[in-house]
Amino acid sequence: GAGVSQSPSNKVTEKGKDVELRCDPISGHTALYWYRQSLGQGLEFLIYFQGNSAPDKSGLPSDRFSAERTGGSVSTLTIQRTQQEDSAVYLCASSTPALLDGRGTEAFFGQGTRLTVV
Amino acid sequence: AQRVTQPEKLLSVFKGAPVELKCNYSYSGSPELFWYVQYSRQRLQLLLRHISRESIKGFTADLNKGETSFHLKKPFAQEEDSAMYYCALRSSGGSNYKLTFGKGTLLTVNP
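Listed in order, the protein sequences are those of chains A and B.
My numbering puts the first sequence at residues 1 to 118.
My numbering puts the second sequence at residues 1 to 111.
It is worth saying that the hints were derived from the structure and are not from the lab.
Incorrect hints may appear among the rest.
[As the list claims (entries may be wrong)] For lysine-lysine, the following DSSO-like pairs were computed, each having C-alpha atoms within a straight-line distance of at most 30 Å: (1) A:K17 / A:K57; (2) B:K9 / B:K103; (3) B:K9 / B:K57; (4) A:K11 / B:K103; (5) B:K9 / A:K57; (6) B:K9 / B:K22; (7) A:K57 / A:K15; (8) B:K98 / A:K11; (9) B:K65 / B:K22; (10) B:K98 / B:K65; (11) B:K98 / B:K57; (12) B:K73 / B:K57; (13) B:K73 / B:K103; (14) A:K15 / B:K103; (15) A:K57 / B:K103; (16) B:K103 / B:K57; (17) A:K11 / A:K57; (18) B:K9 / A:K11; (19) B:K22 / B:K73; (20) A:K57 / B:K98; (21) B:K9 / B:K73; (22) B:K103 / B:K15; (23) B:K15 / B:K57; (24) B:K65 / A:K57; (25) B:K98 / B:K73; (26) B:K98 / B:K9; (27) A:K17 / B:K103; (28) B:K57 / B:K22; (29) B:K98 / B:K22; (30) B:K22 / A:K57.
Produce the entire structure from the sequences given, and follow the hints as far as they go.
Now the structure itself:
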């Protein structure tokens, strides 16, 4: 079946412009995560959606970053007034809910969107 | 707050040598620990999880709650093991299952 899909694969934008990054999770996965991957910083948590619960936005680096998830499926990460330090690979992942005994399930990752701000 | 620490950014070993990638965590509750791997030009993918107590591609990892560690080990490294390895922690209980990653260790296995 189809995995997590992200678009675009690559995005080059001018400093100060807004960008939207899209994530299509695996069908039926209620948990969705956004991460930023950059050299030396590893995987930086940005935001986490779980079903109809309020998202955990604790990782968003500034108010220029926002994300939404419509209909419990597709998610869009928006970066306003982009800066050069926003250049990174943005990864999306999805997973099924935790098992009834509380155990976690595997997170499946997309191929990422490489954002370059010039 | 939950935190994952991977002290080594780079690790280089020779083929056939043992390898250990270190991971320490900080979490007040009962955590779930995972190792994810990213091979060159591939997606990040799950390698193993502590709950399963499995050996994948010869790798094992034991959760040591006393030392708050989850080190990844393999007795005989292979060239194809060269990749970026990330240790991850997921909080359990409640309704928030945030998945937190360490900064990763780049493993290079030399011939």
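Quiz item: Checking against the hints above, which ones are violated?
Solution: Going through the list in order, the structure violates no hint and respects every one.
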